[in-house]
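**Q** What follows is the residue order along each chain.
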Amino acid sequence: MAKVTAPLLSFGGTGQVGKSIVFANWRGVDYARRYVIPANPRTTAQQANRTTFGTLREMWKLAPSLVRAPWDLYAKGQKFLGLNAFQGENMLAVAGQADMTDFVGSPGAKGGLPPTTFAAATGSSAGEIDLSFTNPTPPTDWTLISAIGAAFPDQDPSAVFGGPLVADEDDMTMNAVTLTGLGSGVDCVAVGWLEWQKPNGDTAYSVSLADTATTGA
Amino acid sequence: MTKVLVYDTYRGQVRVRAWPRPRHYKEGSAAKLQSEWFRSAQELAKRLTPDQQRILLEATNGTPLLPRDVAAMLMAGRLFYIHNPETGNIYPMAARQDVSESLDILASTPGQILIRGADFWEGTTPSFGGGGWFWNEPPGVVRTDTSTSSYCFKGGQYDIFDDILVSGCGAIFTPVGGGSYQMIIGELNESDEFVSLTKSSVVEAPDSERRPYFFDIDATLNAGTRVAIMAGRIDSTATYALPAAFNRQLSFQLPVGGPYSARIASTDPMIGDAINTTGGVNVIPMGLFGQIT
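Taken in order, these protein sequences are the chains called G and P. The numbering of the first sequence is my numbering, which starts it at 1 and goes up by one. The numbering of the second sequence is my numbering, which starts it at 1001 and goes up by one.
The shape of chain G in the complex, shown without the other chains:
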């Protein structure tokens, strides 16, 4: 595959030519490649990967704005979307695994500091889990805005996503988030990260830390 600057001596071009070459455009990048009919062997591994890809796509569609925000900031100014980064990072993390305990909730954007510790525990009510954060000393002129947590029922990544994916934030004490609506007695994967304001006013997100817990029964 090759990037092209003036496909077919024009300002732009897409489509296949003579079943031999294909011109296309991806996120503003013109490229040309050989015309290929994929082999598509539909092996077990290939199908599992495809399902995992679809599961992550479904998670993104169901993700609240709190979950999407760090990915969108990470992708800002890049030739990919937050969705692409979300799927890419999490495919590397969970593809081929038996569960989703390696799920990445936040990739980190603009250099935010992560929590010192993060823990998930069974909530006091049915379908609840409690997330607790220990936060670091802020750098000079940095302000901690909120602690954000998200959770979903743990599952095989190569299975269709059962949901839900819930998230909430604590912008008062920045150290405790309670998530509800996850179903009673369900093993869940929980992730947490911090939102900061930098001295120049920019927002920064930390990478996420992960834990597992069973919801209240």
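No lab work stands behind these hints: they were computed from the structure. Don't take each hint at face value.
Restricting the straight-line Cα-Cα distance to at most 27 Å, the calculated cross-link-like pairs of lysine-lysine (DSS-like) are [said to hold, decoys possible]:
| hint | chain 1 | residue 1 | chain 2 | residue 2 |
| --- | --- | --- | --- | --- |
| 1 | P | Lys1046 | G | Lys3 |
| 2 | G | Lys3 | G | Lys198 |
| 3 | G | Lys19 | G | Lys3 |
| 4 | G | Lys76 | P | Lys1046 |
| 5 | G | Lys79 | P | Lys1046 |
| 6 | G | Lys79 | P | Lys1199 |
| 7 | G | Lys19 | G | Lys61 |
| 8 | G | Lys61 | G | Lys110 |
| 9 | G | Lys198 | P | Lys1046 |
| 10 | G | Lys76 | P | Lys1199 |
| 11 | G | Lys110 | P | Lys1046 |
| 12 | G | Lys3 | P | Lys1032 |
| 13 | G | Lys79 | G | Lys61 |
| 14 | G | Lys79 | G | Lys3 |
Fit chain P to the given chain G structure using the hints.
**A** Quick look at chain P alone, frame taken from chain G:
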């Protein structure tokens, strides 16, 4: 215009040129490894503890460096050192190797030492194979004076703690141009008399510049003895240019104790001669080249 024309300034002149063609090349395995290491280092930098990240943030605040740049330097082993209040700083091997490779530009033969020459630092030309140089660290007295008395050999007394096979010696002094100089190493008895004496080769000073002078000598220093190591002029008793100034003396750990003053008023010292030990002055930087056995 994106990917069509480039507007820039070259040597103060505005110019317009076509977008440069990409120069594709096949990345070698070493480059791929380096790229993968760098990518992993950047990812790992985001996952340092928050305290570490805060330290990096504040360290790079106001500088062109990013915290992740400094983190990458840390991971490459080139930034940090461990401070021990008793023994000093312990630097990583990577940093030591970098500095060593830089110094190899000046001196790369095992056993060489660096000396500040007239124009720049240079490595000595070793006359001997193997072993290492030891230079004394003089006591607190710092004197600069030329001799006004008839002690043509001057140096110091040293207590020997380890057996040393000496194959060379040196001293830093300001000679009289054209004078012939020699060093002597002799074991002393309790009466400060020589019980053994070895004399080095003779070196003629080309000028009156202060510099290190090196002499060939074969001597054995025995542990538990006291020796006198002196340098002197052998072709005249009338004028002397020793001792030399203390500044710029080299100070390695010498496996000897002392020095105490040693001088002798003879151009040809012999076994049985006694040295003068008027102390505290006239101690000049001296060194030995040899091996501890």
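**Q** Would you mind marking each hint as holding or not holding in the structure?
**A** Comparing the hints with the structure gives:
In summary, the hint linking Lys1046 (chain P) to Lys3 (chain G) is not supported, as the alpha carbons are separated by about 32 Å, beyond the 27 Å threshold. Only pairs whose Cα atoms come within 27 Å are accepted, and Lys3 (chain G) paired with Lys198 (chain G) is rejected, the gap being roughly 37 Å. Taken as a hint, the Lys19 (chain G) and Lys3 (chain G) pair is honoured in the structure, with Cα atoms around 19 Å apart against an allowance of 27 Å. Between Lys76 (chain G) and Lys1046 (chain P) the CA atoms are separated by roughly 18 Å; this keeps the pair inside 27 Å, and the hint holds.
Straight-line distance between C-alpha atoms of Lys79 (chain G) and Lys1046 (chain P) comes to about 21 Å, which keeps the hinted pair within the 27 Å bound. Under the criterion of a C-alpha separation no larger than 27 Å, the hint pairing Lys79 (chain G) with Lys1199 (chain P) is inconsistent with the structure, at around 79 Å. Restraint check for Lys19 (chain G) and Lys61 (chain G): not satisfied, since their Cα atoms lie roughly 35 Å apart, outside the 27 Å limit. Taken as a hint, the Lys61 (chain G) and Lys110 (chain G) pair is honoured in the structure, with Cα atoms around 24 Å apart against an allowance of 27 Å.
Pair hint Lys198 (chain G) plus Lys1046 (chain P) holds up; C-alpha atoms about 16 Å apart against a cutoff of 27 Å. Distance check on the hinted pair: Lys76 (chain G) and Lys1199 (chain P) sit about 79 Å apart at the alpha-carbon level, beyond 27 Å; violated. About 10 Å separates the Cα atoms of Lys110 (chain G) and Lys1046 (chain P), which keeps this hinted pair within 27 Å; it holds. Distance hint between Lys3 (chain G) and Lys1032 (chain P) is fulfilled; the C-alpha atoms sit about 21 Å from each other, no more than 27 Å.
Under the criterion of a C-alpha separation no larger than 27 Å, the hint pairing Lys79 (chain G) with Lys61 (chain G) is consistent with the structure, at around 20 Å. The hinted pair formed by Lys79 (chain G) and Lys3 (chain G) meets the criterion: a straight-line CA distance of about 14 Å does not exceed 27 Å.
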